[in-house]
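Participant: Here's the letter readout for the chains.
2 protein chains.
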Amino acid sequence: MTGEAKSQNISWHSGQVTVGDRERLLKQRGCTIWLTGLSGSGKSTIAVETEKQLVNSGHAAYVLDGDNVRQGLNKDLGFSPQDRTENIRRIAEVAKLMTDAGLIVLTAFISPYRADREAAREIFTDGKFFEAYVDTSLETCEARDPKGLYVKARSGDIPEFTGISAPYEVPNDPELIVKTENLVVDESAEQLLSFIRSCGFLAG
Amino acid sequence: MTGEAKSQNISWHSGQVTVGDRERLLKQRGCTIWLTGLSGSGKSTIAVETEKQLVNSGHAAYVLDGDNVRQGLNKDLGFSPQDRTENIRRIAEVAKLMTDAGLIVLTAFISPYRADREAAREIFTDGKFFEAYVDTSLETCEARDPKGLYVKARSGDIPEFTGISAPYEVPNDPELIVKTENLVVDESAEQLLSFIRSCGFLAG
Numbered sequence: 003m004t005g006e007a008k009s010q011n012i013s014w015h016s017g018q019v020t021v022g023d024r025e026r027l028l029k030q031r032g033c034t035i036w037l038t039g040l041s042g043s044g045k046s047t048i049a050v051e052t053e054k055q056l057v058n059s060g061h062a063a064y065v066l067d068g069d070n071v072r073q074g075l076n077k078d079l080g081f082s083p084q085d086r087t088e089n090i091r092r093i094a095e096v097a098k099l100m101t102d103a104g105l106i107v108l109t110a111f112i113s114p115y116r117a118d119r120e121a122a123r124e125i126f127t128d129g130k131f132f133e134a135y136v137d138t139s140l141e142t143c144e145a146r147d148p149k150g151l152y153v154k155a156r157s158g159d160i161p162e163f164t165g166i167s168a169p170y171e172v173p174n175d176p177e178l179i180v181k182t183e184n185l186v187v188d189e190s191a192e193q194l195l196s197f198i199r200s201c202g203f204l205a206g
Numbered sequence: 003m004t005g006e007a008k009s010q011n012i013s014w015h016s017g018q019v020t021v022g023d024r025e026r027l028l029k030q031r032g033c034t035i036w037l038t039g040l041s042g043s044g045k046s047t048i049a050v051e052t053e054k055q056l057v058n059s060g061h062a063a064y065v066l067d068g069d070n071v072r073q074g075l076n077k078d079l080g081f082s083p084q085d086r087t088e089n090i091r092r093i094a095e096v097a098k099l100m101t102d103a104g105l106i107v108l109t110a111f112i113s114p115y116r117a118d119r120e121a122a123r124e125i126f127t128d129g130k131f132f133e134a135y136v137d138t139s140l141e142t143c144e145a146r147d148p149k150g151l152y153v154k155a156r157s158g159d160i161p162e163f164t165g166i167s168a169p170y171e172v173p174n175d176p177e178l179i180v181k182t183e184n185l186v187v188d189e190s191a192e193q194l195l196s197f198i199r200s201c202g203f204l205a206g
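Residue numbers (the working numbering), protein chains in the order written: chain A, 3 to 206; chain B, 3 to 206.
Quick caveat, the hints were computed from the structure, so don't treat them as lab data. Possibly wrong hints are sitting among the right ones.
Given that identical chains are not distinguished, each listed pair holds provided it fits within a single copy or across any two copies.
What the hints assert, rightly or not - Straight-line alpha carbon distances no greater than 20 angstroms define the calculated SDA-like cross-link-like pairs of lysine to any residue that follow:
(1) K29 <-> L204
(2) K154 <-> V172
(3) K54 <-> T20
(4) K77 <-> T87
Isolated chain A (complex conformation):
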C-alpha cells in the first residue's frame, strides 16, 4: 500500500450522476459484502447463491471471486504475502467502484490476513463495507477439498497454502459470521440476504 498516489496533477472527477440518482434507478443501495474464510469453506458457493437470489428478486448484484479475478485483473500476482496484499488491495478498489456504481458486490476471497482486510475496509466509505466470516473448520474444508487443493498442499505440490503452510487470521470483529457446517447452501445465503436486507440496501 502506498499512501499517496504516485501520479500527481490529478483530481477526483465527481461526475454529474449522484449516488442518489443511482439508488433511485436501481432501487437499491450499493454495498460490498466481503466474504473471508479458508479454501473450501464455501465462500464462492454462498456468494453465487446469494447473487442468484438477489438477481431473481430484481436486484443488481455481482460476485468477484478469486477464480475469475485471478485470471484477469490479478493474473500477474502469485501467493506470496506481498502479492496477496496487492491482490486484496486491487479487489477492494474494484469492489468500491462497483459499489459506487450501485451494485451489491459479493467478494469471495480467502483474504487470510487481518491487515489486508482492514486495508480493504479503509478504502470504502463508512457503512458500505461488511466483513462476513465464512466459518468452516480446516478439517471440514480439507474433507470437502472440492478442487483437490488440500491434497496437493499436503504433498507440497502447492506452497504457501492457507491453513496448511500459510496462516489464516480469523476475523476479530466481522459484521457477520456464517457457520456453514450445519447449514445447506440456501441457509447460508439466507443469512447474507437477511443481513443485506436488514441494512436497508434493498430499497432505493
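Use these hints to put chain B onto chain A, whose structure you have.
Facilitator: Positioned in the frame of chain A, the structure of chain B alone reads:
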C-alpha cells in the same frame, strides 16, 4: 502483459446468474465504450454527460476515468510506457467485469498507445468493446488547458506528457470518431448515445 495467469490451480467460476438474467433485469446489454484522445480533448466531459443522459433515461452506466482510477486502483503506477501499459490493462479488466455485470461502461483515458488499446480490446468478448476517438487537435487542447497541464508540460515541470514530450498514436480504425471542435458537449454525447443505441445495447 503476461500471457498466462501466474497463479495455477484456479478455474473460472461461471456462477449461476447468466448474462441473459442480467440483461433482463437491467433492460440493457453491458458494453464498454473506450474513449481515447489527448489530455483536454473532452473525454471525461463527454463521458460524464453521456452517463448522465443514460442514467436519466433509466440505464445503468458508469464512467471510469483517469482521475478517479489513478487515485485508487492504479495509484501505484506512474506515466512511464510500462506503467501506462499496466494502467490500461487493469482498467480494461475492470471495465470487462463491469460490462459482465451488465453496465454500460464509459472509459475516459488518454491511452496513447495503439498496442495498449488493442490489448484492452483483446480482453473483451467480441462485440462488447468499442473504441471512440475523441478527435481534438493538440492546438485546441493546449488552448483549453483546463487543468493547466500543458503549461507545466511545456515548462518541463511534467515529464512524458502526451502530445508534448510523449507520443499519442491516433487510432487506425476506431468504431466512432467524435470531432469535438465544432460541437457543444451535448452534441458530442449525443454521438455516443446514438452509437450505443444503434448497437442495441439499450434494450434487454
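Participant: Now, for every hint given, state plainly whether the structure supports it.
Facilitator: Against the structure, the hints come out as follows:
In this homomeric assembly, K29 and L204 come within 20 angstroms of each other (Cα to Cα) both inside a single copy, at 7 angstroms, and across copies, at 19 angstroms. For a Cα distance limit of 20 angstroms, the shortest separation of K154 from V172 qualifies neither inside one copy, at 23 angstroms, nor across copies, at 49 angstroms. In the homo-oligomer, the alpha carbons of K54 and T20 lie at most 20 angstroms apart only across protomers (9 angstroms), although the nearest pairing inside one protomer, at 27 angstroms, exceeds that limit. Taking the shortest alpha-carbon separations for K77 and T87, both the intra-copy value of 14 angstroms and the inter-copy value of 15 angstroms come in at or below 20 angstroms.
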